[in-house]
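Protein chains in written order, with the working numbering: chain C, 1 to 455; chain W, 1 to 310.
Hints in this document: simulated from the structure, not taken from any laboratory. It is possible that some hints are incorrect.
As the list claims (entries may be wrong) - A few chain W residues facing chain C, derived, Cβ under 8 Å:
#, residue
1, Leu-94
2, Ala-116
3, Gly-117
4, Ile-202
5, Met-205
6, Glu-208
7, Val-209
As the list claims (entries may be wrong) - Calculated cross-link-like contacts (lysine-lysine; reagent style DSS-like; alpha-carbon spacing at most 25 Å):
#, chain 1, residue 1, chain 2, residue 2
8, W, Lys-184, C, Lys-294
9, W, Lys-34, C, Lys-294
10, W, Lys-34, W, Lys-10
11, W, Lys-10, C, Lys-294
All values reported here derive from a predicted model rather than from experimental measurement. Using N, Cα and C, we set each Cβ at its ideal position, and we do this for glycine too.
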Amino acid sequence: MTGRSPMTGFQKMTGHDASLDTPLLLENGRIIDPANRLDVKGDLLVENGRVSWVMPSDRKSSTVPDDTRIIDLDGKWILPGFIDMHVHLREPGEEYKETIESGTKAAAAGGFCAVACMPNTIPVNDCDAVTSFIKARARTGYCRVYPVGSISKGGKGEVLAEFGEMRAAGAVAVSDDGRPVSDSQLMRRALEYCADHNLLLISHSEELSLSRNGVMNEGLVSTKMGLRGIPRCAEEAMVYRDLSLAEFTNRPVHIAHVSTRESVSLIRRAKARGCPVTAETAPHYFTLTEDAVKGYNTRAKMNPPLRTADDVEAIREGLKDGTIDAIATDHAPHSDFEKDVEFEFAANGIIGLETAIPLALALVRDEIFDVTRLVELLSVNPARILGVEGGSLSSGLSADITVIDPDSEFVYTKDIVVSKSRNSPFFGRELKGRAVLTIVGGRTTFFDEELPTGS
Amino acid sequence: MAAKQRFDHKHILSMEDLSKADIRLILQTAESLKEISERSIKKVPTLRGKTIVNFFFEPSTRTRISFEIAAKRMSADTFSISASTSSIQKGETLIDTARNLMAMNPDVIIIRHSCAGAPVMLADHIEASVINAGDGIHEHPTQCLLDMMTVKGKKGKIEGLTLAIVGDISHSRVAHSNIIGFSKMGAKVRVCGPATMIPIGIEDMGAEVCSSVEEAIDGVDVVMVLRIQKERQKDPLIPSFREYSSYFGVTKRNIGAAKPDAMIMHPGPMNRGVELDSDLADGSRSVILDQVTNGVAVRMALLYLILGGD
């Protein structure tokens with residue numbers, strides 16, 4: 001018997017879910033699981049919230065329980081759940097931009113099973129009370145939420161925040177995202193103190209004395225447009241500082257949103273000599289150049305700024321050769337009234353959760369890297385770097401699964417955005433590939449109603 | 001009045017947007033309108049019934065008054081809004097303020113704003129024509145046009161001339177518009193200033209970068225001196241005015257490198273003795289006051305062409 005699934009488009013992480021009691025068979029999909037060196041057409045059974053087994057189609061012998069729901073995923077890819085290790089959920093404090101509920105819903109729609117949310121909320125997530133609040137709110141969201149605590153109290157860059165208490169409340173990392181730590185001694189102490197609490201340090205590497213007043217990449221385009229520039233060296237000088245501190249203290253550092261060729265090169269060389277560094281970039285840094293700013297397009301204003309074609313090429317090389325470990329969206333919702341202002345006054349950042357998959361898939365189609373690497377960048381590595389569950393489809397593990405239709409073509413418009421904000425430079429763009437099914441701990445959080453299902 | 005030629009621009013936002021033919025038409029029109037300002041009754045009815053708003057977010061005397069006189073000589077109704085009196089102070093956004101202005105149905109909005117691109121944004125959101133009267137460090141197209149008119153008036157042409165711009169090129173909207181405009185009309189443009197004041201990519205906009213004033217003004221027809229801003233304290237680009245003046249000031253000592261009949265221009269307001277010797281500013285080569293006079297004519301021409309009056 002086949003028919004439309006009783007499941008709606010979205011489902012929260014809490015509340016009664018009858019489907020959790022029923023086994024779920026994902027049938028005839030291309031299963032790609034780098035952790036198990038698997039890339040095969042086959043079936044995957046989810047029971048009791050966990051992966052029961054994965055079975056290649058040519059060795060089909062397993063039987064499934066009678067009441068199993070079946071979803072035919074012919075032509076779709078079944079992947080370990082995607083994890084976005086850099087988002088801004090804006091709650092507490094700026095709920096008009098996004099809430100934990102709306103942001104995690106956007107994540108589910110974009111195929112993400114988990115997100116790590118940055119601490120620059122109001123108040124700043126610099127203590128266990130705020131961390132606990134975020135975790136509590138996240139229980140009624142649509143994906144796993146890993147809070148990232150602030151490195152310093154109030155994000156002011158003066159004294160260390162209470163890492164231990166934040167860790168105990170559920171933080172997995174600390175960061176200065178949005179408000180870079182200028183004081184190098186504080187940064188060193190933060191790296192050292194992270195060791196006591198098993199926290200990752202995520203650095204927003206920016207030398208503020210070089211970037212202040214700047215609103216876009218410094219170069220010919222900024223000169224022509226009369227906009228003050230942010231030079232590449234504002235990022236690179238701090239990337240070098242952070243690598244140097246990581247190497248000296250022998251403590252891991254994760255460099256957020258890498259945007260320049262020289263940053264990639266610095267990280268590549270540091271890795272080669274054994275420096276404990278990992279790095280991420282965002283889809284806009286491998287997709288767009290500073291030209292997107294022309295016409296004073298505030299939807300292309302972000303920090304770090306969009307750079308040149310040469311930087312884009314280097315970012316792609318870094319993603320390919322392993323210098324950059326992860327793709328994270330830096331999902332940064334802002335309301336229209338914060339973007340529909342003079343370019344210099346406009347807020348930095350764009351939403352990204354719902355466009356990451358098609359933009360990353362474009363690199364697979366361009367043969368920059370293969371689909372296995374794509375899964376490493378969006379699932380395997382973020383799980384490993386953050387030290388959280390996920391990143392694999394091994395039997396017995398929690399069933400966090402992202403299913404994508406790599407061939408689905410659509411025009412990205414304001415009308416289809418799930419996030420509460422609409423600040424994207426990609427509206428009007430023809431995109432290819434998207435999530436059609438997102439499963440977190442066996443629970444279907446997002447489901448494309450067009451999928452053929454039965455039982 | 002100038003022979004009727006097509007002028008397809010609703011807005012004047014940047015010198016980039018204007019073609020050589022457009023610029024020639026504007027200058028011809030300005031030349032023919034200049035005579036109105038010399039009459040005993042300095043008024044023609046051309047723009048009667050039109051409403052022109054001066055929307056100034058930055059202090060300005062020269063440019064604002066110049067536009068106002070231009071509009072009044074053409075019989076348009078004008079009113080001025082400055083940032084201190086407007087709702088901007090109360091937190092209203094530019095777009096909201098502009099929409100409110102539109103409810104009063106103006107024909108042209110002249111905007112001066114500290115942010116690059118503000119005129120573009122305004123033009124995208126309202127029905128009226130927009131004239132950029134200076135946006136941040138981006139452009140000041142009407143200043144460029146009046147400078148071209150002044151040069152053409154003295155030299156009879158623009159094509160083939162060499163112009164040197166000396167000063168803070170990075171933060172000068174006048175320099176940016178003049179580099180684009182004069183290059184477009186076939187002049188050579190050299191720029192000179194401390195390296196802290198020369199922006200990346202300026203060569204690609206058509207300027208030749210010179211390392212000394214002597215080199216920059218060697219054999220030139222026009223020397224344009226820019227104001228060194230005393231107010232730029234947050235990001236000091238020079239150690240002192242004294243040192244600036246001795247290395248990059250245009251003086252009686254170095255002006256000899258230019259052609260004997262070279263003109264000296266300054267968009268004002270001037271710091272006498274800093275960027276330009278006081279004697280030179282007042283000397284026979286100086287056309288600084290002609291610039292002001294031509295400013296009115298150029299702005300009359302633009303209003304006339306935009307509003308399609310005859």
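Against which earlier hints does the structure fall short, listed by number upward? Numbers 6, 7, 9 - these are the hints that the structure violates, sorted from lowest upward.
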